[in-house]
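Colleague: Listed below, chain by chain, are the residues.
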Amino acid sequence: MKKFIENIGEKFLSLLNYTGSISILIFFSIKKITKFRKKEDILKYILEIGTDSFSLVGIIALFTGMVLVMETVHTLKKFGAEMYSGGLVTISMIRELGPVLIALIIAGRIGASIAAEIGVMKITEQIDALEVMAVDPVTYLVSPRVLAGIISLPCLFILSFFISIIGGFFVGVFMVGIPSGIYLYQSFKYVNIKDFLIGLLKVIVFAIIIVNVSSYEGLNAYGGAEGVGRASTNAVVSSFFLIILANLIITGLFYFV
Amino acid sequence: MEKIISVKNLYVKLKNREILNDINFDIENGESVVIVGPSGCGKTVLIKTILGIIKKYRGEIYIFGKNVDVLTEEGMKEIKEKIGVVFQNSALFDSLTVWENVGFYYLYHTNKSKDEVKKFAIEILKSLGLEENVADMMPEELSGGMKKRVSIARALISKPQIIFYDEPTTGLDPITSENLTQLIKKIHNNYNTTDITVTHDVKLASRIGKRLILIDEGKIVESGTYEELREKSNHPIIRSYVEMEE
Numbered sequence: 041m042k043k044f045i046e047n048i049g050e051k052f053l054s055l056l057n058y059t060g061s062i063s064i065l066i067f068f069s070i071k072k073i074t075k076f077r078k079k080e081d082i083l084k085y086i087l088e089i090g091t092d093s094f095s096l097v098g099i100i101a102l103f104t105g106m107v108l109v110m111e112t113v114h115t116l117k118k119f120g121a122e123m124y125s126g127g128l129v130t131i132s133m134i135r136e137l138g139p140v141l142i143a144l145i146i147a148g149r150i151g152a153s154i155a156a157e158i159g160v161m162k163i164t165e166q167i168d169a170l171e172v173m174a175v176d177p178v179t180y181l182v183s184p185r186v187l188a189g190i191i192s193l194p195c196l197f198i199l200s201f202f203i204s205i206i207g208g209f210f211v212g213v214f215m216v217g218i219p220s221g222i223y224l225y226q227s228f229k230y231v232n233i234k235d236f237l238i239g240l241l242k243v244i245v246f247a248i249i250i251v252n253v254s255s256y257e258g259l260n261a262y263g264g265a266e267g268v269g270r271a272s273t274n275a276v277v278s279s280f281f282l283i284i285l286a287n288l289i290i291t292g293l294f295y296f297v
Numbered sequence: 138m139e140k141i142i143s144v145k146n147l148y149v150k151l152k153n154r155e156i157l158n159d160i161n162f163d164i165e166n167g168e169s170v171v172i173v174g175p176s177g178c179g180k181t182v183l184i185k186t187i188l189g190i191i192k193k194y195r196g197e198i199y200i201f202g203k204n205v206d207v208l209t210e211e212g213m214k215e216i217k218e219k220i221g222v223v224f225q226n227s228a229l230f231d232s233l234t235v236w237e238n239v240g241f242y243y244l245y246h247t248n249k250s251k252d253e254v255k256k257f258a259i260e261i262l263k264s265l266g267l268e269e270n271v272a273d274m275m276p277e278e279l280s281g282g283m284k285k286r287v288s289i290a291r292a293l294i295s296k297p298q299i300i301f302y303d304e305p306t307t308g309l310d311p312i313t314s315e316n317l318t319q320l321i322k323k324i325h326n327n328y329n330t331t332d333i334t335v336t337h338d339v340k341l342a343s344r345i346g347k348r349l350i351l352i353d354e355g356k357i358v359e360s361g362t363y364e365e366l367r368e369k370s371n372h373p374i375i376r377s378y379v380e381m382e383e
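Chains A and B are the protein sequences, given in the same order.
When we follow my numbering, the leftmost residue of the first sequence carries the number 41, and every step to the right adds one.
When we follow my numbering, the leftmost residue of the second sequence carries the number 138, and every step to the right adds one.
In case anyone wonders, no lab produced these hints; they're calculated from the structure.
Incorrect hints may appear among the rest.
[Claimed, not checked] Keeping only pairs whose Cα atoms sit at most 20 Å apart, straight-line, the calculated SDA-like set for lysine to any residue is:
1. Lys152(B) / Asn57(A)
2. Lys322(B) / Asp338(B)
3. Lys150(B) / Gly263(A)
4. Lys72(A) / Glu211(B)
5. Lys152(B) / Glu46(A)
6. Lys75(A) / Glu211(B)
7. Lys219(B) / Lys296(B)
8. Lys84(A) / Leu233(B)
9. Lys150(B) / Ser54(A)
10. Lys75(A) / Asn248(B)
11. Lys214(B) / Thr179(A)
12. Lys296(B) / Val175(A)
13. Lys75(A) / Tyr245(B)
14. Lys296(B) / Met213(B)
15. Lys356(B) / Arg195(B)
16. Lys193(B) / Asn158(B)
17. Lys214(B) / His246(B)
18. Lys79(A) / Ser250(B)
19. Lys249(B) / Ala174(A)
20. Lys214(B) / Phe76(A)
[To be verified] Just the calculated beta-carbon pair ranges, DEER-fashion:
21. Gly177(B) / Lys43(A): 27 to 35 Å
22. Gly266(B) / Ile289(A): 54 to 62 Å
23. Asn166(B) / Tyr262(A): 34 to 42 Å
24. Met275(B) / Ile289(A): 39 to 47 Å
The C-beta atom is built at its ideal place from N, Cα and C for all residues, glycine as well.
Excised from the complex, chain B in its bound form (with noise of 0.2 Å):
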């Protein structure tokens, strides 16, 4: 299987503090990898590196096969439009109506008519299972469910090959968190994307992740599928679950 995303010996210091310490894995094409670790491990701030919004950090990052640290500005441009990223609060533009959140990409890159982006845009939304009245409304006016749907839209309207999910189910009731771990698997097996995924819950990373990769205090400690880890791991973040499920 071909490597899409390669981290060799990755190193992050934020204000003199180490978060990440000495990270390596790869992920292959067609994968879904959950990240999963407690509150403040550094996991969002793993991910926040490899898409190239933390710039200080030592060691390789790969996606696609090309060192992203020696990417020119157009080079980072072509990588980010196969990229679609779910951010932890929605990180929906204020200002935007939702047609115009979705449709950002088109609307900023290309010279597509407004009308012919809005329509997209409301394609995607429906297939989302969002109402068509939602696009001409504002993310304030939207639940937290709706705007993360939204979020998930906005993220698969460049057709991307990878999508970053962070906490994608936190802040949510069961019943909409049972509903988008359905979505976020439904997208990975309809569009063929490699998904990566940022939670501290263990129950959405033994759902949707066909390997897990657990963080800790910054480091690696433990990576495999949902059932190797319920045998073999002592993390307190793994047995706490394995304790409810029985």
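With the rest of the complex left out, here is chain A (with noise of 0.2 Å):
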């Protein structure tokens, strides 16, 4: 009993040190995010988290609304609503769906090969040579990362958001033959400029915890190659985690508080 309770506060502390370093890391890379020295090396992170991830997101939110309207204009016919099918599109993918499945893609993406690089600079002690070399690794290889992510990220969800919409357009009117005009009426009936701020506000949360979650993994890898591969796949699972914590938190305070 003595050991199981041992294991319980030890797993919480750990818990507990680990949430503190994230928030260390976070309060760290937000404060020197204009302290970059090279602009190229923004654009260079914006091109591998935004653009290069274009592709993916805009594919995966297509068929997102196709499958929306597909599930739900079934039993939205048995009460001859199936019209308010682009709505429903809209609003999913604008307050829940959009942000949440761009994030986990990033994070997916992005976050295990930042985890995986950072963890191989640190391990080969090219993080030990930028300290000696007074670069603060927070200010070099971080902060110019969560800004790229702030400003990719709202992109990728604007974008997703219209392809999502074509993706339903497609299914509803060509598939189930409801009106073009009335599709496009009903998807953005019901979108107003709250959910939008609150949706790019989940995106700008979200780049953050990614980008920061998988730089201390990186920074934090130890014990070669196996450090390394370890070091991205907490970078995954812990950026999930966080992401669905955080979108919890977010909708909890602006929709249901």
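Dock the two chains into a complex; use the hints.
Modeller: Written out as structure tokens, the structure is:
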């Protein structure tokens, strides 16, 4: 029994330590966000996080829009309300699915790569080399990526929103037979500026989480190739968990409380 | 002689394991000191603690007479400007070309133009026996010996007063290792640097060190010139090399 309680205590302390360390990294990476030396770095990271992820995000948004209409239209038909399926797609995509889907894609695609890249730098003493040259690893490696994430994710969010409408439009109009004008009217009828701004806030928070969690895992990697693999896995798993948690908190704050 | 580095009662504990235990030594300006000891004895931890990479320690470390524990970020930066480090794995930045690696210090900390830094980097690379075309290569295209030379070039670019070498000849073939040993001696003489080398290789230590500090299990066991240790030391790492020499 004593051992059991000790184990729980140990796990709780390590969770507290982890949360504290991530919070400190988030604080410093945002504090130093304007101290980057090279504009090229920001552009390089925007390309990596945003542009290179666009095709994947676009395809998933298109399919999600299509699936949402396919799934809902039969139920709505029973009530003669199939023309509302467009509104359902937009509300789902702008409030919940859009921000969370994009964040999960980016966490899987970019989070793992950030953790691996920084992890290799850590293990091959490149981070130590930065420190002895009086270069702060957070300013050099983390802050520019945070800025690039804050720029890229909202762009992906807006683009994926419109692409999902196209996907839903295709199924709703060409397969279900909803008149195109009605479908589009319903799509935008229920969207308001508050939903859009909260969606934007969510993706910005998720970008900060993904980059910082992944960088933290990379900066704390140890033990060779296995350590880099572990850092990448931890980056993705922790990012997923924190994205869902942050989504719950933001939704709760703006739509429930 | 002016003391350039002083370590007093240094203790380092990592993951609840005591790595360094009551380390005390001074290094004077212009000395070439080799910290020698078997693998895993705490040599690298010692230099990483002196360099401020490992921050959790007990004791006092003075560099250029300043206690590094109480220095501000700016004060530490001033000290780091006068220090060059050659890491065990060379630690070249994978995403940068050779000249960008060598000139990284100037590219990051100054407003010098890229052309100016590149020219300066090429000069240093040439002085270390590397061809000009190496400057535009990526680190992955270089051999182990070339990587070490590039790493030395990177350490030299800020004209340091102190150079740390962490296992400089590890993983190199005997000829490259010999060339590098000569190069380290040449740099010490030409640039009047204070050298602190960490190695398990007693041969290298005997060749470049004017003073050897023998560390085992986190403690300083003996220190003196190679000749002194050769005479009096009973430590297996010294004895086995002496026997091999004989």
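Colleague: Hints numbered earlier in the text: which of these fail when held up against the supplied structure?
Modeller: As far as the earlier hints go, not one is violated by this structure.
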